[in-house]
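From first to last, the protein sequence lines stand for chains H and D.
First residue of the first sequence: 1, per my numbering; consecutive thereafter.
First residue of the second sequence: 1, per my numbering; consecutive thereafter.
Note that these hints are calculated values from the structure, not bench results.
For every residue, glycine included, the Cβ atom is placed at its ideal position computed from N, Cα and C.
Be a bit skeptical, because a hint or two may be false.
[Said to hold, decoys possible] Below are the DSS-like pairs computed for lysine-lysine, each with C-alpha atoms no more than 30 Å apart in a straight line:
no., chain 1, residue 1, chain 2, residue 2
1, H, Lys5, D, Lys122
2, D, Lys13, H, Lys238
3, H, Lys177, D, Lys13
4, H, Lys297, H, Lys177
5, D, Lys37, H, Lys297
6, D, Lys13, H, Lys297
7, H, Lys297, D, Lys71
8, D, Lys92, D, Lys13
9, D, Lys37, D, Lys122
10, H, Lys70, D, Lys122
[Stated by the list, open to error] If you want the ones that stay clear, here's a sample from chain D, every Cβ over 10 Å from chain H, calculated:
no., residue
11, Ile16
12, Lys59
13, Asn116
14, Arg120
15, Gly135
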Amino acid sequence: MELEKLRFGTELIKRGFAHMQKGGVIMDVTNAEQAQIAEDAGAVAVMALHRVPADIRATGGVARMADPQKITEIIETVTIPVMAKCRIGHILEARALEALGVDMVDESEVLTPADVFFHVDKRQFVTPFVCGARSLGEACRRIWEGAAMIRTKGEAGTGNVVEAVRHMRLITFAIEKVKTMDEGELQQLAMAYTQPYRKLAEAVGNEGIGIGNDEPVFGEYAVDDIAKGLHEVLQEVKKMGRLPVVNFAAGGIATPADAALMMYLGSDGVFVGSGIFKSSDPPHYARAIVEAVENWKDADVVARVSRGLGEAMPGQEIEKLDERLQIRGL
Amino acid sequence: MNIAVIAAQGAVKEHIDAANRALRRLDISGSAFATIKKEEVARSDAIILPGGESTTISKLIHRSSVAEEIKRAAGEGKPVIGTCAGAILLAKHGDEQTEKTQTRLLGLMDITIKRNAFGRQKESFQIPLHIRHIGTFDAVFIRSPAITGTGERVEVLATLDEHVVAARQDNLLALSFHPELTDDTRIHEYFIRMGLEK
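Next up, chain H with everything else stripped away, as it sits in the complex (with noise of 0.2 Å):
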């Protein structure tokens, strides 16, 4: 093997390994038992969590990266690809995971936040990041520090679609609107999409000290430089009016008809959370899922996969929720 020419965690490698889990359910996991039921439910990849977000939303508290031990533990059972998540501009729970040998990392508003200012800048990791968003800023803003995927937020833990399907509209409506634009207008939305690295900045600068455009405020990153880097990402969606990485749908999706819907909205696959491990029946929740996913076109199969399943993860109003994780870094 020619040793010098070989290449890891390129843009290629990362955006691909999303590539491959395409049309498939990805499903949260607490320990290796349940991993099984997911991989042989047909799961294209199972996410390792302390508590599915249901839990974490009952218990409240902190909520942070899962046991080493068990991630190893799951890894070790299960044979397709294992990612787990890190906190909100935590860099060094995302070491850790890449460390572990998780294949993706999910920087997730379902844990505590770690940063109020920044995301991890996931150019610096060879394993790929799969991030949030609610709006096409927010996607955008991911993709350029580096996320290989991007998934609706959603209101994670409730059971209810809703949200998922207010973000999946939202970024889709963006896009095409994106399509429309010229240069000019490309630039000033990159600008505009600035706007929450500034907050370091601003905070800053209430006190008296004034930071210019050109000057460093997101590691070695000036205004002017994110901004260029927004306007290349918002160019990629333009030419190829998507997302230049692969979309999910997560946060609220309990049933194969919620996980089909996701679908039609155009998501590439779906992450399932709360909604397979809190239902009645799991592996068999799993496995409907799995197939509607697959069949979404098909409304005859959903129906049949929707028969008898028992019941789904008990559902929450948006309204009445003490707390919205959806709004935890923008």
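With chain H fixed as given, assemble chain D onto it according to the hints.
Coordinates of chain D only, in the frame set by chain H:
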């Protein structure tokens, strides 16, 4: 030439785009299309089994009986290419992972396949690979399998260290890597020409 890309799960669209570009480059009429329907596969002239998760794809093609149609078409001499997970499914012999997951293989090629032979995602790599009949190709390996054994009728097309990563047996082609992820269409062109050989 109509090329059926088996759309169970994985990099389906990428293969459709690559095959369509290859058809145009060769100036051959026809197109590639996504399908999981037995009848549509039966009407096609060539079949692509994309990469994805072999455990998932195997379940889905066997549930929908498209697996039987792929076997029949291969037996008739239609060209079939499997990339990554697709190559796993083409194999006659699997490894401890395919056994443990009870993955049903199509068993069309006399090869033994080892899943995730190069490691996990962080060990995934890109390398200029010399491929017989094609030349040097920028090959992208993503949690890729390797071919660890080949029968007499199998022609080895590329190796990496001690592993075989591309092989042909008559009308069947198995690749460990992902030619659909790059702009280079030479492998798809080679595959399409396999369909014109008779």
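**OP:** Starting from the hint list further up, note which numbers the structure goes against and sort them upward.
**Re:** Checked against the structure, the hints that fail are numbers 9, 12, 13, 14, while the rest are satisfied.
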